[in-house]
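J.: Each chain, letter by letter, is given below.
Protein chains: 2
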Amino acid sequence: MISNIMGVSGVEHIGIAVRELDQAIRLYEKILGVKCYKQEIVPEQKVRTAFFMAGNTKIELLESTDPEGPIGKFIEKRGEGIHHIAFLVKDIDEQLTYYEGEGIGLIDKKPRKGAEGLDIAFLHPKSTNGALIEVCDEKKE
Amino acid sequence: MISNIMGVSGVEHIGIAVRELDQAIRLYEKILGVKCYKQEIVPEQKVRTAFFMAGNTKIELLESTDPEGPIGKFIEKRGEGIHHIAFLVKDIDEQLTYYEGEGIGLIDKKPRKGAEGLDIAFLHPKSTNGALIEVCDEKKE
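Line order of the protein sequences matches chains A and B.
Those letters in the first sequence? Residues 293 to 433, by the numbering used here.
Those letters in the second sequence? Residues 293 to 433, by the numbering used here.
Rather than coming from a laboratory, the hints here were simulated on the basis of the structure.
Since the model is a prediction, treat every value here as computed from it, not as a measurement.
Careful, some of the hints might be misleading.
To be verified - What the simulated footprint calls covered on chain A by chain B, stretch by stretch (three residues with Cβ under 8 Å from a Cβ of chain B suffice, anywhere in the stretch; the number is not a length): (1) 338-349; (2) 396-407; (3) 415-423.
Claimed, not checked - Calculated lysine-lysine pairs in the DSS-like style (CA-CA distance at most 30 Å, straight line): (4) A:Lys365 x A:Lys350; (5) A:Lys350 x A:Lys327; (6) A:Lys418 x A:Lys382; (7) A:Lys350 x A:Lys431; (8) B:Lys322 x A:Lys382; (9) B:Lys369 x A:Lys369; (10) A:Lys402 x A:Lys365; (11) A:Lys350 x B:Lys405; (12) A:Lys431 x A:Lys402; (13) A:Lys365 x B:Lys350; (14) A:Lys418 x B:Lys402; (15) A:Lys350 x B:Lys369; (16) B:Lys350 x A:Lys405; (17) A:Lys322 x B:Lys322; (18) A:Lys365 x B:Lys382; (19) B:Lys327 x A:Lys350; (20) B:Lys369 x A:Lys405; (21) B:Lys327 x B:Lys401; (22) A:Lys338 x B:Lys338; (23) B:Lys369 x B:Lys401; (24) A:Lys322 x A:Lys382; (25) B:Lys350 x A:Lys402; (26) A:Lys418 x B:Lys338; (27) A:Lys431 x A:Lys338; (28) A:Lys418 x A:Lys365; (29) A:Lys382 x B:Lys327; (30) B:Lys402 x B:Lys350; (31) B:Lys322 x A:Lys327; (32) A:Lys322 x A:Lys402; (33) B:Lys418 x B:Lys338; (34) A:Lys369 x B:Lys365; (35) A:Lys369 x A:Lys382; (36) A:Lys418 x B:Lys418; (37) A:Lys322 x B:Lys401; (38) A:Lys382 x A:Lys431; (39) A:Lys369 x A:Lys431; (40) B:Lys350 x B:Lys405.
Glycine included, C-beta positions come from ideal geometry on N, C-alpha and C.
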């Protein structure tokens, strides 16, 4: 049985690592049938990003601006492809405390700023069967 | 400009490849804060699956029942992790025709049955920047 459940509210976005953002934007506009609604540079993450709405869920394309950044390293090791799932949570500080109590490893023990001004944190893929999982606070800054 | 747009309606599910389904179910019940609502064996795909609701989006864990199946090969090559994104489409036959017309490669040129009785097809990851993308028809059988 689960005690003290801290549930996620939904999928905020799915991140896909790509080598060339402009090419990928043109392609995903065809695949999803919608226009890219925003591009953003996130210097802390060394990425250039582009966002789409797939129904109610965001798709985020990520191009590395630095081979030593997390997306650059991911592509070098595994190639292009799905990079992470981001879940919405009601209170990110409480959620991270809950995960630590459940023995789930965290890359970010404290929230930091992600794209679109959200407070985010990544769980450690060794604790999540290899899936890179981000949690995003529902409250915008 | 995009012509003859065939848009997806949303994300139907996200698939995660795991080595041991029972262990992964216990873990994802903690991560997502909800109970697994269904398990299903899909012999055609050589997988045992478990489903969760993350808000309105399904998360599907996939354990291979055969090392030669697609999930078995994926894990051998890349390890556990996020395997595919499934998008809902209004009419899968029309959607596949549209993708072919746009030069997007298909693994399945015709729909086949997936989990939960949906008509599904996979796009070729060489045509989607390495992301394995499934499309699911909105109409249940």
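J.: Each hint should be assessed against the structure and marked as holding or not.
T.: Going through the hints against the structure:
1. 338-349: Contact hint for the region 338-349 of chain A vs chain B: holds, 4 residues under 8 Å.
2. 396-407: violated (count 1)
3. 415-423: With 7 residues in contact (Cβ-Cβ under 8 Å with chain B), the coverage given for the region 415-423 of chain A holds.
4. A:Lys365 x A:Lys350: 23 Å, holds
5. A:Lys350 x A:Lys327: 12 Å, holds
6. A:Lys418 x A:Lys382: Cα-Cα ~24 Å, so holds.
7. A:Lys350 x A:Lys431: Cα-Cα ~17 Å, so holds.
8. B:Lys322 x A:Lys382: 15 Å, holds
9. B:Lys369 x A:Lys369: 12 Å, holds
10. A:Lys402 x A:Lys365: 23 Å, holds
11. A:Lys350 x B:Lys405: 27 Å, holds
12. A:Lys431 x A:Lys402: 16 Å, holds
13. A:Lys365 x B:Lys350: Holds, because 29 Å separates the two Cα atoms, which is no more than 30 Å.
14. A:Lys418 x B:Lys402: Judged against 30 Å, a Cα distance of about 37 Å means the pair is violated.
15. A:Lys350 x B:Lys369: The hint holds at about 28 Å.
16. B:Lys350 x A:Lys405: Holds. B:Lys350 to A:Lys405 sits at ~27 Å (cutoff 30 Å).
17. A:Lys322 x B:Lys322: 36 Å, violated
18. A:Lys365 x B:Lys382: 37 Å, violated
19. B:Lys327 x A:Lys350: 25 Å, holds
20. B:Lys369 x A:Lys405: 33 Å, violated
21. B:Lys327 x B:Lys401: Violated, at about 35 Å.
22. A:Lys338 x B:Lys338: Answer violated: A:Lys338 to B:Lys338 is near 39 Å, above 30 Å.
23. B:Lys369 x B:Lys401: Within the cut-off at roughly 25 Å; holds.
24. A:Lys322 x A:Lys382: 33 Å, violated
25. B:Lys350 x A:Lys402: Answer holds: B:Lys350 to A:Lys402 is near 27 Å, not above 30 Å.
26. A:Lys418 x B:Lys338: It holds: about 25 Å lies between the C-alpha atoms, which stays within 30 Å.
27. A:Lys431 x A:Lys338: Given pair A:Lys431, A:Lys338 holds - Cα atoms ~24 Å apart, limit 30 Å.
28. A:Lys418 x A:Lys365: 17 Å, holds
29. A:Lys382 x B:Lys327: Given that 30 Å is the threshold and the Cα spacing comes to 18 Å, the pair holds.
30. B:Lys402 x B:Lys350: 24 Å, holds
31. B:Lys322 x A:Lys327: 36 Å, violated
32. A:Lys322 x A:Lys402: With a Cα-Cα distance of about 38 Å, the restraint between A:Lys322 and A:Lys402 is violated, given a limit of 30 Å.
33. B:Lys418 x B:Lys338: At roughly 23 Å apart (the allowed maximum being 30 Å), B:Lys338 and B:Lys418 satisfy the hint.
34. A:Lys369 x B:Lys365: Satisfied, since the Cα-Cα distance of roughly 18 Å is no more than 30 Å.
35. A:Lys369 x A:Lys382: It is violated: about 34 Å lies between the C-alpha atoms, which goes past 30 Å.
36. A:Lys418 x B:Lys418: 28 Å, holds
37. A:Lys322 x B:Lys401: This hinted pair holds, its Cα atoms lying about 18 Å apart.
38. A:Lys382 x A:Lys431: Status holds; Cα separation ~8 Å.
39. A:Lys369 x A:Lys431: Roughly 34 Å between the alpha carbons, so the hint for A:Lys369 and A:Lys431 is violated.
40. B:Lys350 x B:Lys405: 18 Å, holds
Taken one by one, the earlier hints fail for this structure at numbers 2, 14, 17, 18, 20, 21, 22, 24, 31, 32, 35, 39, listed in ascending order.
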